[in-house]
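Same order as they appear, the protein sequences are chains A and B. Here my numbering is used: the first residue of the first sequence is 1, the next is one more, and so on. Here my numbering is used: the first residue of the second sequence is 1, the next is one more, and so on.
Keep in mind the hints are simulated off the structure, nothing from the lab. A portion of the hints provided could be inaccurate.
As the list claims (entries may be wrong) - Heads up, simulated EDC-like pairs for lysine to aspartate or glutamate below, C-alpha to C-alpha not over 20 Å straight-line:
| hint | chain 1 | residue 1 | chain 2 | residue 2 |
| --- | --- | --- | --- | --- |
| 1 | B | Lys67 | A | Glu233 |
| 2 | B | Lys205 | B | Asp193 |
| 3 | A | Lys227 | B | Asp104 |
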Amino acid sequence: MLVKNSIPSGSDAKIISESLWRIRLNLLQQAWKNNWQIFTEKKIGLVGLWIIGFFILLAISHPILMAYWSSQELPPEAMMGHNKSLADVYDPIRGLDLRPGKDMMPLSHPAAPSWRHPFGTDPMGRDVLSQIMYSARIEFLFGVFSALLSVFLATLVGAVSAYFGGKIDAFFMRLADLVLTLPFLPFLIFLSSLLTLDLFKLGLVLGLLGGFGGRTIVLKSQALSIKVRPYIEAAKIAGGSHWHIIFRHIIPNILPLSFFYLMLGVTSAVMSEATLSFLGLLQAPISWGLIMNFARSFGYSFYEAWWLYLIPGVTITLFCGSFYLVGRGLDTLVNPKLRKR
Amino acid sequence: MSEVILEVKDLKKWFPVRRRISQLFKGEKSWVRAVDGVSFSIKKGEIFGLIGESGCGKTTTGKLLMKLLESTAGQIIFQGEDVTNLTPEGISRYKREIQMIFQDPYASMNPRFKIRDVLLEPLIIHKLGAGLEERISMATEVLEEVKMTPPIEFLDRYPHMLSGGQRQRVATARTLILSPTFIVADEPVSMIDLSTRAEVLQMMKEVQQDLNLTYLYITHDLSTARYFTDRIAVMYLGKIVEMGSADQIVDNTLHPYSRALIAAVCEPVTGKVNLIKEVPIKGEIPSAANIPAGCRFHPRCIFAKPECWELEEPGLEEAEPGHLVACRRYQEIV
Ligand code: SF4
Numbered sequence: 001m002l003v004k005n006s007i008p009s010g011s012d013a014k015i016i017s018e019s020l021w022r023i024r025l026n027l028l029q030q031a032w033k034n035n036w037q038i039f040t041e042k043k044i045g046l047v048g049l050w051i052i053g054f055f056i057l058l059a060i061s062h063p064i065l066m067a068y069w070s071s072q073e074l075p076p077e078a079m080m081g082h083n084k085s086l087a088d089v090y091d092p093i094r095g096l097d098l099r100p101g102k103d104m105m106p107l108s109h110p111a112a113p114s115w116r117h118p119f120g121t122d123p124m125g126r127d128v129l130s131q132i133m134y135s136a137r138i139e140f141l142f143g144v145f146s147a148l149l150s151v152f153l154a155t156l157v158g159a160v161s162a163y164f165g166g167k168i169d170a171f172f173m174r175l176a177d178l179v180l181t182l183p184f185l186p187f188l189i190f191l192s193s194l195l196t197l198d199l200f201k202l203g204l205v206l207g208l209l210g211g212f213g214g215r216t217i218v219l220k221s222q223a224l225s226i227k228v229r230p231y232i233e234a235a236k237i238a239g240g241s242h243w244h245i246i247f248r249h250i251i252p253n254i255l256p257l258s259f260f261y262l263m264l265g266v267t268s269a270v271m272s273e274a275t276l277s278f279l280g281l282l283q284a285p286i287s288w289g290l291i292m293n294f295a296r297s298f299g300y301s302f303y304e305a306w307w308l309y310l311i312p313g314v315t316i317t318l319f320c321g322s323f324y325l326v327g328r329g330l331d332t333l334v335n336p337k338l339r340k341r
Numbered sequence: 001m002s003e004v005i006l007e008v009k010d011l012k013k014w015f016p017v018r019r020r021i022s023q024l025f026k027g028e029k030s031w032v033r034a035v036d037g038v039s040f041s042i043k044k045g046e047i048f049g050l051i052g053e054s055g056c057g058k059t060t061t062g063k064l065l066m067k068l069l070e071s072t073a074g075q076i077i078f079q080g081e082d083v084t085n086l087t088p089e090g091i092s093r094y095k096r097e098i099q100m101i102f103q104d105p106y107a108s109m110n111p112r113f114k115i116r117d118v119l120l121e122p123l124i125i126h127k128l129g130a131g132l133e134e135r136i137s138m139a140t141e142v143l144e145e146v147k148m149t150p151p152i153e154f155l156d157r158y159p160h161m162l163s164g165g166q167r168q169r170v171a172t173a174r175t176l177i178l179s180p181t182f183i184v185a186d187e188p189v190s191m192i193d194l195s196t197r198a199e200v201l202q203m204m205k206e207v208q209q210d211l212n213l214t215y216l217y218i219t220h221d222l223s224t225a226r227y228f229t230d231r232i233a234v235m236y237l238g239k240i241v242e243m244g245s246a247d248q249i250v251d252n253t254l255h256p257y258s259r260a261l262i263a264a265v266c267e268p269v270t271g272k273v274n275l276i277k278e279v280p281i282k283g284e285i286p287s288a289a290n291i292p293a294g295c296r297f298h299p300r301c302i303f304a305k306p307e308c309w310e311l312e313e314p315g316l317e318e319a320e321p322g323h324l325v326a327c328r329r330y331q332e333i334v
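Using the sequences and the accompanying hints, generate a full structural model.
Spelled out as structure tokens, the structure:
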């Protein structure tokens, strides 16, 4: 820790002139630096981060590629009346490759991976690589939204019910028990029969279920262990209101655990989404699970069109795995007992 | 020196305990009588010691005064005002006047707070000081008061970067920042290295004289209390058994329990360093859920006679001016 010993004790003014947000920023930076060190000690977290980084690149590069493709006009003989530019060929939703192949015959879809379509095409003639890239962005938005919502709720509810206890606590804990005993997939299937589930609604439902479910209980028990620390009493003596204590003392101290659950939340949200998509219960333009769903509903088995199962399957596994790995890397941070020092 | 700042009248804190099924049917309730009718008054500018072994209710008494717990019965009168039942504004005002120093200074600070945040928190809560600059200068002032110099060096440190003694100084500084008149110090030096204890107590005494504060010093350690306090109350199982000036308690001990406490303080006798003194007490402190009938000390008292448990509990009576004792037989056993 750097001590500002270069400043003589008389010149208070210099330190005071530091504005509040700068102090906060410094504090945050310090905390980040320390945590980063502990995080990087375990390699699995870093591996997870690298994979996430790769997916971010994938998601960002898709719109750039689309812009490039739409500037590439095809010669008239390659158009076959429909395709005007490469964008029409590679569009993840409306695309269709009608260009003749080497043998001057149009490609038959689904086409196996080739130079023109590295991940092949789906039964409707759309490029799978383009679909995977396009979906990456959707999965990110969906996973992070749902996980953020659930962790935000779980943290707040956990802290509040730990702090107040009594009836509030009893209510939220019984609610958590109820959510925990809910058969997850059958419930979602039931829900999809009641209303058309789109990604936003599914994110909302998963966020709510996660936020009032098991995570609340874990975060509450963590908050309980904070609640009995003497500094909470000290804050009460200083005259701090209930909300002051919850937001300034309890929540900041359970936040590392919340962050851990944020990572796991992304994993579980994307997994549920993939399952529902595969079962065809989700209204979405395209998603990794839907690629497999199309293959299945058009009657292609793994042996006939392996790329339509293998590639999205591996993608989902990698994506979910990466967040899980980051979560595991955070484990050391969250759980002081695992720390070497 | 004569004005009474805090008066406690028959203060009680009973915690309900889970009942057995048979009790449930009979409608009985069991209680842990942590504080069982405590009365004392503290004069302005005084250091009042509350002494007893762990589990005797001394910390609970402190928490009742801090309004961290609600009392079951009795009154707390602070500067002539009954503060037992206060409106929210009244409590906010009261909490600026009365502050507490904790046993474990490290645990009493949020590990994510810098010293700066620890000191500014009460100011922010009570909306004192205009802007950050004034608040920081108030913080440096109190740090100087507790001899943390130069204060600037400490503002940006985290509690774990300080030594035990420094932490307790910061904890003291935090209580001073609201300029209170009364401070409850709950075992402020028991977690600190022996070598720095005297120094911290000295600092606390200087602060007290400087700012004309009143202390309630809660401890199990008679040796520090003897030098630090003006008056002492000895507590046993939720009741005060002896009360008087520090000199009266130490030099003219009357209650058998106080005698045991004093005997427990090891003061090596010259030439007999290896001698282990026999402490005149039997057994362990009983549970406050099951307080013995009659004199509550009788199962452990080596002077106990049938009258002690057959007759009702002895109250505090004046043995000499300002020296109260709750023992039937104190005159016989001198
Ligand atoms: S009243 Fe009896 S039992 Fe109680 S302290 Fe005095 S001598 Fe001991």
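The hints, checked one at a time:
Among the hinted pairs, B/Lys67 with A/Glu233 is consistent with the structure: their alpha-carbon atoms are about 10 Å apart, no more than 20 Å. About 18 Å separates the Cα atoms of B/Lys205 and B/Asp193, which keeps this hinted pair within 20 Å; it holds. For the hint pairing A/Lys227 with B/Asp104, the CA-to-CA distance comes to about 16 Å; that is within 20 Å, so the pair holds.
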